[in-house]
Amino acid sequence: MKRRIFAGFIASAMMVSMLAGCGSNDGGEQPQGGESGAEGGSGHKVTLIMSQRDEWLSEMEAAAQAAAKDIGIDLTTQDANSDTSKMIQYIESSVTAGEDAIIVNMVDPETAAQCVEAAGEVPVVFVNRFPGDPSVLNEKAVYVGSDEMTSGAFQGEYLAKYFKDQGKTEISYLMLNGILGQTSTTNRTASVLKALEDNGIKATEAAAPLAANYDRSEALDMISPLLTTTEYDCIISNNDAMALGAVEAMMQQGLDPKSVPIVGIDATADGRQAIKDGTLAMTVFQNAEGQGRASLQAAANLIDGKPIADGTGYEVDDENEFIIWVPFEPVTIDNVADYD
Amino acid sequence: MQKTFDKKKFLSQNSIWLVLIVLVIIMGVAQPSFFTVNNLLTLLSGEAVKGILAFGVMFAILSKGIDLTIGASAGLVACITASLVQPADYANAVFPGLGTLPAPLVILIGLAIGAGIGAIYGAIIAYTKIPPFIATLGAQLICRAGAKMYTSRPVSNLSSEFRFLGSAKIGPIPVIILVFFVMFAISAFLLTQTRFGKNVYAIGGNDQAARVAGINVEKNLIMVYVWCSVCAAVAGMLLAGRAGSADPANSGLNYELDAIAAATVGGTSHTGGICRVSGVLAGILILGVINNGLVMLKVDDNMTNIVKGLIIVGSVILDMRKNAKRA
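Residue numbers (my numbering), protein chains in the order written: chain A, 1 to 340; chain B, 1 to 327.
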């Protein structure tokens, strides 16, 4: 009997604390939206659906939230947790909730058509991940982001120049892939290899492709056994976190990370610090704030019927007026200070 | 009753070590640099974190339960402790200006958080009798979300004092390997030399019988999950120390599955009541040899996972046949 009462007590305590948690959350968000609406903004309601919340995407989300406050938009954000069906659900419930526009950071770029279909009459802004089928883009569905094929290209051009200066045209590399099968991974890897080839470097892979899930400690564990047992001229990583895992692995093996060029993508705070330390040779800056702000501005423009790039500070694509490009930028020791 | 050496019994109980030895020989022949001391140290450092999680989860499995929380709770503890050892002048710190707390204090805080988390879901399992799978699945979601709410970006730039356990070396030996073997010794001691260990065996074998025999089942179950969670806390702090960074979204992600796999391959029976700590050590090493060896043999990642999957399923089939014969 006593045990029953205790169990009941625990269960009810859990429930109460959960409800309390939800309550305080709602309480925290609701007045905020109301406030910004009352500040004399447009009062539009927009939902931003995130594919997931990693470091970079969180930065983009924060920028969109800041922009929403500035423009006076009531912004709600949801996290699809890398689940496409959840993402579609969020789009459908946003439509039901009467949102004026939906910003989608797609889990899987091949589902762009389903996103547009689920949104119905509500305008959609795709951000960061480019639709697999660009024909879905029109005056009700636009794209804001960077061209993933250029991020790896910057890495490839840097490495090509580095090795040409040494008089080398044949190199071997260790490649740290993100998540095998994911579009950003595929494109980053493909574009760096293509750029090496285009610049006259014959590159061969020193090991099997490593897939370290964009994670620092997984990259560390995976690359450690290879560092002293294989021949390689450089380490190419799909993001900074894994590149830093490689740096850490080299230091723990008593190797000098400066002895081979290690290149990443993202220019995170840690990545920029490593550039300053010289342990990371170069990284590619993908403008999280630019993409976040521009996507929100584009959503507001769609609702108001203005040209989509108005006030974003960026240009639409030469051939497709429904694409706003936020350019990638290579970061090395020479210009790293500009990104702090 | 004379105590003679039973060769058959010895072989059947330690067949897992034979599997390990065979694997090591195959790898060594295929890739000679596998046999270097340096690579052995690399292998052990790489498996230490998941191995410590396995030392925890084997108690849960032994008690006929499971713990799916450990990867997420390791990540949560990693993020919290890492945030307490960032330099005061670091602009991207979680608490700018807090400065670096002394590492021993932070480690105690980490252990306390671990024990606290385990005590909560342990009590829920013990007193509500809901399946541990469900309770720990819920706790996993809460811990992972908690880590992401605590910080949205990786916590890095950690004090070298805090990173000592994860990344320093004493002579040629990485400290993380020493911690791994200390945790092994504590687990072995708990399991074989204490009343708690014997109680867990009894509860896993038959909890009604254990209760009749006067064992406080609830208290012991709570202790099982406290121990699981303390192991997770240790693993989390090592993870942060080793990589020099704790990532709320990725640190410890799915590590519970590797730990459960290691404990299972090591002969811990999911029907409860059967577990040998030396077997679990062998299980950890087998998965380590596969991870390390196949990378060196240039086998691609998907193939590595297929091999791991086959070994996990195969070992349980063998084990069930063995245990069925015994019974």
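One or more of the hints may lead you astray.
Said to hold, decoys possible - Over 10 angstroms on every C-beta distance to chain A, these chain B residues come out as not near it, computed from the model:
hint	residue
1	Gln13
2	Leu23
3	Thr42
4	Leu43
5	Leu105
6	Pro174
7	Ala209
8	Ala243
9	Leu253
What the hints assert, rightly or not - Computed cross-link-like contacts, DSS-like style, restricted to lysine-lysine with a CA-CA straight-line distance of at most 27 angstroms:
hint	chain 1	residue 1	chain 2	residue 2
10	B	Lys298	B	Lys308
11	B	Lys148	A	Lys86
12	A	Lys168	B	Lys298
13	B	Lys148	A	Lys69
14	A	Lys258	B	Lys148
Honestly, the hints are just simulated from the structure, not real lab data.
Please read all numbers here as calculations on a predicted model, not as lab measurements.
Glycine is no exception: its CB is placed at the ideal position from the N, C-alpha and C atoms.
The hints, checked one at a time:
1. Gln13: holds, 31 angstroms
2. Leu23: Leu23/B clear of chain A: closest Cβ-Cβ about 15 angstroms, beyond 10 angstroms.
3. Thr42: violated, 5 angstroms
4. Leu43: violated, 7 angstroms
5. Leu105: holds, 24 angstroms
6. Pro174: violated, 7 angstroms
7. Ala209: holds, 19 angstroms
8. Ala243: violated, 4 angstroms
9. Leu253: violated, 7 angstroms
10. Lys298/B x Lys308/B: Given that 27 angstroms is the threshold and the Cα spacing comes to 16 angstroms, the pair holds.
11. Lys148/B x Lys86/A: Status holds; Cα separation ~19 angstroms.
12. Lys168/A x Lys298/B: holds, 25 angstroms
13. Lys148/B x Lys69/A: holds, 23 angstroms
14. Lys258/A x Lys148/B: violated, 33 angstroms
Of the numbered hints listed earlier, those contradicted by the structure are 3, 4, 6, 8, 9 and 14.
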